[in-house]
Amino acid sequence: MLAGMVTVLSSVCLLLGAFLIISGAVGVLRFPDFFTRMHAAGVTETLATTLILLGLMLLAGWSIMSFKLLLILLFILITSPVASHALTKAALHGNLQPLVNENNEQ
Amino acid sequence: MKHCLSLAFVLMVLWLGNSGHYSPLLLSLGAFSVVFAVWVSHRMDVVDHESQPLHLSGHISFFYCWLVGKIILSNIDVVKRIWLGNKAISPCVARLPLSQKTDMGKVIYANSITLTPGTVSMDIEGATVLVHALTAENIAELKDGEMNRRVADLEL
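In the order they appear, the protein sequences are chains A and B.
The opening residue of the first sequence carries number 107 in the numbering used here; numbering runs sequentially from there.
The opening residue of the second sequence carries number 407 in the numbering used here; numbering runs sequentially from there.
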């Protein structure tokens with residue numbers, strides 16, 4: 107009974123994570139410029155990876171594997187914003203002008 | 407000293423968690439590598455309050471709980487806008503004040519901004535951070551300053 111519930115829960119996590127990764131990919135293709143695409147990529151590197159790793163952790167149970175998955179999650183959550191920041195900063199210093207909505211001109 | 411001990415503890419947990427073999431030979435090799443790594447980092451003078459932010463550890467778990475909630479909410483918002491298409495977004499750029507005093511505080515704040523989908527920190531200059539956001543509401547929310555205040559509170 108409990109094992110069945112864990113399987114269902116992990117399937118839900120994995121499916122939601124997969125949906126979020128597809129959404130992120132669609133966003134990267136759909137959004138108009140580099141900076142807005144970074145936001146779409148942000149979805150895949152935060153909640154999507156968290157859900158997929160959580161689903162895998164539920165499948166692995168209390169084992170050394172779960173600890174390793176937790177470490178992967180921590181490293182992704184620490185390094186991905188640094189990488190995003192480095193990319194946007196490089197784009198900014200390369201004189202790439204962000205597309206700005208006329209209504210929000212400040 | 408306490409920073410060295412904390413580094414040794416972190417390395418030990420990493421080693422035990424990743425090895426999975428607990429024979430005396432491997433455990434002593436592990437202990438040796440932990441001591442060696444701590445000694446090398448101490449000699450390199452990189453073991454300090456920045457690499458081992460012990461003074462933050464207590465409060466930061468509450469902050470991360472709050473941040474996870476924020477991240478989930480903004481993920482839902484960004485995914486909604488992705489499927490609605492380009493008419494649902496209104497990208498904008500703004501320069502926001504930083505009220506953190508230490509470099510560590512500024513890094514935590516800028517990283518939290520980037521970690522939340524919909525906002526990316528582009529540059530830090532002096533006491534301001536340049537933020538790119540997917541919508542004007544995202545900027546308005548950051549301007550309210552709740553995240554700024556919460557990170558500044560961590561420094562005490």
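Mixed in with the good hints there might be a few duds.
[Claimed, not checked] In silico DSSO-like pairs for lysine-lysine, Cα to Cα no more than 30 Å straight-line:
id, chain 1, residue 1, chain 2, residue 2
1, B, K476, B, K408
2, B, K512, B, K493
3, B, K512, A, K195
4, B, K549, A, K174
5, B, K493, A, K174
6, A, K174, B, K408
7, A, K174, B, K507
8, B, K408, A, K195
9, A, K174, B, K476
10, A, K195, B, K507
The set of hints was computed from the structure by calculation and includes no laboratory data.
Inset, instruction - Check each numbered hint against the structure and report the violated ones by number, ascending. - result: 1, 2, 4, 5, 7, 8
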